[in-house]
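Chemist: Residue numbers for the sequence shown follow numbering that gives the first Met the number 0, so the first one is 0 and each next one is one higher.
Simulated from the structure, these hints should not be mistaken for lab results. Since the structure is predicted, the reported quantities are computational estimates derived from the model, not experimental observations. Take every hint as true, because none was put in to throw you off.
Derived DMTMM-like pairs (lysine to aspartate or glutamate); straight-line CA-CA distance at most 20 Å:
| hint | residue 1 | residue 2 |
| --- | --- | --- |
| 1 | K91 | D70 |
| 2 | K86 | E117 |
| 3 | K277 | E142 |
| 4 | K32 | E75 |
| 5 | K32 | E73 |
| 6 | K91 | E118 |
| 7 | K86 | D282 |
| 8 | K91 | D282 |
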Amino acid sequence: MVALGIGSMHIVIVGAGALGSLFGGLLARSGEKVWLYNPSFRAHIEAIRARGLLIETDKAVWRIQVSATTDLSEIEPPVDLLGLFVKAYDTKAALEGVRPLIGPQSWALSLQNGLGSEEIIARFVPTARLLRGSTAQGATLLEPGRIRWAGQGPTLLGLLPGVAQPPQPQAQEIIAALGRAGLPAGFTRQLEAVLWEKLLVNAAINPLTALLDLPNGRLVEEPTLRVILSDIIAEALPLARQHGVRLSPEEAVARVEQVCRATSGNISSMLQDLRGGKRTEIDFITGALLEEGRRRGRSLPLNRLLWALVAGSTRQARHHRV
0 MVALGIGSMH IVIVGAGALG SLFGGLLARS GEKVWLYNPS FRAHIEAIRA
50 RGLLIETDKA VWRIQVSATT DLSEIEPPVD LLGLFVKAYD TKAALEGVRP
100 LIGPQSWALS LQNGLGSEEI IARFVPTARL LRGSTAQGAT LLEPGRIRWA
150 GQGPTLLGLL PGVAQPPQPQ AQEIIAALGR AGLPAGFTRQ LEAVLWEKLL
200 VNAAINPLTA LLDLPNGRLV EEPTLRVILS DIIAEALPLA RQHGVRLSPE
250 EAVARVEQVC RATSGNISSM LQDLRGGKRT EIDFITGALL EEGRRRGRSL
300 PLNRLLWALV AGSTRQARHH RV
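Could you put the whole structure together from the sequences, leaning on the hints where they help?
Modeler: Given below as structure tokens:
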């Protein structure tokens, strides 16, 4: 990897959908050497190759020239950084597919939803070179080659338990590169708490938006939906507090509602998946809560109902597409 502030990193975004394309596109715009790689979304990759990547905000539209491919052989190994933006359930298959790109000094970055993917990543990249975290950035795919930057906020990254702190210079350079790209990032020593707070937020927002077919902001505009949000959080918060989350019930509700407002126009990834008849990450989000509840002898009936409804809707959407 290049030294801090010198040259550019060789970055491959694995699973370049909406959020991966946002991160990869902005990193390329800032001068990093970036490849967007998505073998299963050929239309998106071909549109980027033909016309560049379009990123839209309320104030501007950027057309960014960034390398994109569905063919791994086009990318020269090894890479400095693998940005993993695949669905959590696709982590193992994706890493097996890009194994030829991974060198002895390669790092991995994961902002994936839910819990469990970090254990899979550690089979391919040593935990000492894995940055795991959470982001408040939001992106929605409008059409192949065109995304909307629907929510902006900080990214927090950390190293897994047992890895020496503070982070190595390479980790600091990754964080600095995100900042130069307009994606402000910071390092946290409380990674477990960060991931569990993100899980709490996702478990509240994603299933409701998916089932009701609503953008995030609508959840705080309707009094009835705000009550349901609060009930979901109240049920899950005791488990999150076992993993370092120090929010009071009132603070937890305020935090979730803040995310809804900050990403008010965003279509959650779970809703995007359900609309497309795709598998959702419900097992890695609400399912992770239910598994932790089972382990600790706690019942989560509302979250179990949401899990069952989303899982059933996914199966129904798949059947309808067939």
